[in-house]
Every structure is written in structure tokens, then in C-alpha cells.
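Visitor: Starting from the given sequences, assemble the full structure and let the hints guide the process.
If you want the building blocks of each chain, they are given just below.
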Amino acid sequence: MKEKVLIADDEEDIRDLLGLLLEDLGFEVIKAGDGNSAFSLFQQARPPIVLTDIKMPGMDGIQLLKRVKAEEPDAEVIMISGHGDLDLAIESLKYQAADFITKPIDDALLAHALEKVREKISLKRDLRAYTENLENLVAEKSAKLQRLFDEGPCYVTVQDRELHITEANRRFKEDFGFTPGKTCFEAYKHRLEPCSDCPILKTFETGQAHQAETVVTACNGEHYNILIWTAPLTDSEGRVTHVIEMSTNITLIRQLQDHVASLGMMLGSMSHGIKGLLTALDGGVYRMESGLARGDLEEARSGWDMLRIRIERIRKMVLDVLYYTKSRELELTEVDLQAFVRDLVAIIKPKADQGGVPFVPDFIGAEGTLEADPVALSSAMVNFLENALDACHMDRTKKEHTITFSAKRSGSRVMFEITDNGLGMDQETRNNMFTLFFSSKGSRGTGIGLFVSNHVITQHHGHISVESEYGKGTRIQVELPAKQTLSPQSIGYPKDAERYIPGAAELH
Amino acid sequence: MTKKILIIDDDPDIVSYLDATFKDAGYATCVAYHGEEALQKVKSEKPDLITLDMDMPVKGGTMFFVGLRKEKEVKEIPVIVISGIGPRPPTLKADIPTVSKPIDRKLLLGLVAEKLAP
Chain G
197 MKEKVLIADD EEDIRDLLGL LLEDLGFEVI KAGDGNSAFS LFQQARPPIV
247 LTDIKMPGMD GIQLLKRVKA EEPDAEVIMI SGHGDLDLAI ESLKYQAADF
297 ITKPIDDALL AHALEKVREK ISLKRDLRAY TENLENLVAE KSAKLQRLFD
347 EGPCYVTVQD RELHITEANR RFKEDFGFTP GKTCFEAYKH RLEPCSDCPI
397 LKTFETGQAH QAETVVTACN GEHYNILIWT APLTDSEGRV THVIEMSTNI
447 TLIRQLQDHV ASLGMMLGSM SHGIKGLLTA LDGGVYRMES GLARGDLEEA
497 RSGWDMLRIR IERIRKMVLD VLYYTKSREL ELTEVDLQAF VRDLVAIIKP
547 KADQGGVPFV PDFIGAEGTL EADPVALSSA MVNFLENALD ACHMDRTKKE
597 HTITFSAKRS GSRVMFEITD NGLGMDQETR NNMFTLFFSS KGSRGTGIGL
647 FVSNHVITQH HGHISVESEY GKGTRIQVEL PAKQTLSPQS IGYPKDAERY
697 IPGAAELH
Chain X
1027 MTKKILIIDD DPDIVSYLDA TFKDAGYATC VAYHGEEALQ KVKSEKPDLI
1077 TLDMDMPVKG GTMFFVGLRK EKEVKEIPVI VISGIGPRPP TLKADIPTVS
1127 KPIDRKLLLG LVAEKLAP
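Protein chains in written order, with the numbering used here: chain G, 197 to 704; chain X, 1027 to 1144.
Quick caveat, the hints were computed from the structure, so don't treat them as lab data. Relax, there's no trap hidden among the hints.
To give an idea of the interface, some chain G residues facing chain X are shown, with a C-beta separation under 10 Å as derived from the structure:
1) Lys-471
2) Leu-473
3) Leu-474
4) Thr-475
5) Ala-476
6) Leu-477
7) Asp-478
8) Gly-479
9) Gly-480
10) Met-502
11) Thr-593
12) Met-621
13) Thr-625
Ideal Cβ placement from N, Cα and C applies to all residues, glycine included.
Guide: And the structure:
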């Protein structure tokens, strides 16, 4: 491609001479006879090179140089100076003229000056093309990186020393929101201070990668178990300025693990219980058969009683397991307190009568209503009442037993109290009574009943207090708010069950 | 003379089962519902044989056994462990036979007869 050169000179002879020379050197030439027309021509034709005389009427060469440079900084201007204006030619270099040649014009010098300018232009072009290419490349690469950053199958954040999240990927923004300046512990945990054992702070301290596992709360209120990896981001001097955190959602794995762990514990605890249960069933069958064989109806009846109680236990055990494996939300309704406790009596009284244990209800002051899930709360209370019956049944040290059951309303609270003078609990049993799969009943317990009772009462924002002494008896007090002002949560298989599973920590 | 067996188990139904089984087989019986009660019964009843459950409140089978070995005049009374837990409690000596629940009655009565043979 031929480069275009604009020649500005007021002398026509010089214009023609220069034009011929330049055409010979391989340039395309356009000409103007004064500064003003040269500038308009420049604006139209945008030549990369301008060759201008310094002394011209009207706009002189220096002015033209300034205007061309202002219009197009990349244009290269070569000045032509006569004898008397060498100073001006030198001054023009200050205004970024590419070069100057003197009259009379030496064609070798002119060719040399033009060659220099052409090289300069071609270098500039290369440089520009290279830079543009580089910019495109960077834009392309960073778009790709951003996409990877956003679509990575985990939460990625970059945090500063104060744990402010400075960058976050799309997944994080979707699940936890992104407000510039928000801290990690606010976004993840809704708390006001950093977590103990923060892996990010450790990385700031040591410059090493760290790992942690925790439970976080997403915008939608869901709890996620996440596994966190951190890595330091350093500045040019090797100082850790930020830490990048990558968190993987491992909730499903943890849930499965919890399920497997608790299923294993359930089977373990039940196999022990079932062995005892089968032994007692054998006993019932044996005593009934030998009673019948001898015509001893009293013995046969004892055997039958054993069988009946055990069958009831199997039923309860199966229901416990079914209840445990099912998860449901609290269904709160307005419950009439008197009707609620009378229903409980209707369930327990026949069983107490059968065991010959006097059952004394006291519902003076049980007035008004209670906001609760009647099905869940009733099963929780039945567990306590049946335990009282069992405690009397198991106790051989006393002949006479009594169970009392009272309910009353006290201000905005409802109080239930169940007392028995049965077997009572030793320290270990008392400490573990609400632990999942702990049972003091050997063949008769699954260790689920009181765990669920405790959970139901907790979900109702209530409180259980227990006094018990081995050989003396037990008093259970359940206190509930009459109105459920706080938000109810799901019951049945609780999300935080691992808190109650002893030994589950080793699995994590 | 009729041999006497001390039955130790915290589950009254299992006690009554063992009680009927042994009585029907011609033995006299006495019962205790946990280890501590059992240690008193050992002294007062002087049984010829003891069946022992392991998992009981107050004092379990292992601690009962430790208590039994301390008393000179009763430490030689033969013991049969009847338990749903594990194969054999670790602190017991190897020559203590274990019957697991649910109980094989013939096996149990055979063991009892063997231990009580002169």
C-alpha cells in the first residue's frame, strides 16, 4: 500500500519537485499551496505524513504542525526550512515534528527522513495492532475466567483482612446475596463476629491453605453443610492481601451420612432390645403353655399378661421407629386445655388400671386454650405418662404406687406435671434420658420416645425439668407458652439430630 | 437336697420366665433385680448357682461379678451369664459360660445341670 503524503508549500516549483521525488520513492502525493488549505486537505484525506514549508503566508508551517498534531497525534510531520529559519525548524521539534530538512533540498536526506518516518509509522501500527490484539485476548480470557468463576460448582469468594467479601461468584450471590462490604460471617452465618477457627484468618496468619467444615444459612433459610478450602492471594511483594475461599455444599453427603449413622445406631440398639423382647415372649409362651398343661389357670394368665404387655411394646416400638423416620411440620391449632388433658387420661387410665396403679388427675386451673400441634404434643405427653407407668411396673421395692398428672394455666404459660413413686432414675439415666437411642428399659425401649418428646417440646418453645431419684420416683414438669409467637420448625427427624447422637462427631 | 439358683435380671418378665423354667426343672429359686440387691441376696440366700444379666441399673453384671469375687465364702459359686449384649463381657473370666438372649432353654438347663453336678 502506498503511503499518502501531504505537501504544503507556497512555491509551486518546490511542490512539483517534491511531488516527483516522493512519487519516485513510492508515495502517493497530495498538495496544498498554503497553511489553511493544507489543513483542510489534511482533514479530508487523513495522510499519515505531512511535509510542510515553515514560511508560508497565512498559517505558517509551525501552526500547521500544531494543528495537525492536535487533530491527529499519530500523523508525522517533516518540516522544510530555508536559510533564515533554522531556529524555527529546531523549535518545531518541540512540537513533535518528526524531522526537518533544509533547502536546497537534498534528495538523499529527504529519502532518509521519509524512510525514518515510514518505519516509525509502521512500528506504531504494529504496536497498535499488537496492543489491540492483546486487549482482545485479555478481554476474551477474562470473560472466560469470569464464566469459570461464576459457573464453578462451588461458592467462591475473595475476602480481605476484615473478612469483607470483595468478590463473589454467581452461585454464592444467588444463595447468599452479595452486598459490597458485607462480611463473610454476616453473609454465611448472620452473626456479628467471625467464627472461631476461621480458616481465612488462619490463612492470613500463616500464608498457607486451610480447611474447615461448617453449617451456614442461605437466603432462603435452608441450612447447608459446607466444606471450605482457602488459599492466600499475594501482592507483588509476596504479602497476603486477600484470601480466596472455595466452599463446596456437602449437605447431601452429610444427610446421608447422618441417616446411615443413625440407622446403624438404631439397628444396634434395637437388636439388643429385640433380643430381650424375644426372651420375654418365649417366657410368656412357656408360662402360658405350662400353666395350661397343668390346668393352672393362674399361671396361664400370668403368661398371657406377659405376652399382652410385650405385644403392646412391639406395637409401640414399631410406631416409634415409624415416627422417627417420618418428618413433618408442626400443625398449630388452638387446643382446649381441659379437652386435651382429658384425652390423655382416656389413653393412660385403662393401662394404669390394668397394671393396678392408681392414676390421679388434677386439672384444677386447667382453663383456656393452648396453641400447639395436638398430635405431636399428645404423643410427647403419652411418652412421659407411659414412662411413669413403666417405672411403677418395674419397681419391686414398693407395694403401692401412684401416678399423679396435673395441668394448669399460669399467666401466659401452661404447666404439666407428672409424678410417680416408681423406680426412679439413677444419675446416668437422668443425664441420658433425652439422648437418641438411649434406653434404660433394655428389651422394652427403643431410645426414641423421649428423644422425640424432648424435640416436640423444644419445637413448641417449651421447657422440661426432671427430678428423679433411684428407688424413690420421678417428677417431670413440662412448661409451654400458651401462644406460639416464634416460628415453628419441622419435627420428627430433626436436622440437628447429630447433636443428640453420641459418637457422631467422629464421623465428621 | 434341692439346689437353689439366684436369678439376676432387671426385667421382671425375664425373671419370671427363668423362675418358672428353673422351678419346673426342680430347682429352688430366688431373685434380684440389680447387682447391688444381688450381692445381698448372695449372702442371705446362699445360692448354689447364679444367672447374671449384664446390663442393669444401679450395679450392672460386671460390677456384681467384681463384688462377688471379693467375698471369700461366696466367690466359688458358679455363674452363668444370660445377656443380650455382645459375645462375652471382657472383664469376666473365660470359664464363665454365656447364654445369649433369646434363651435356648435346653442349652441353659444343660449348663445349669453341668455346673451343679457334684
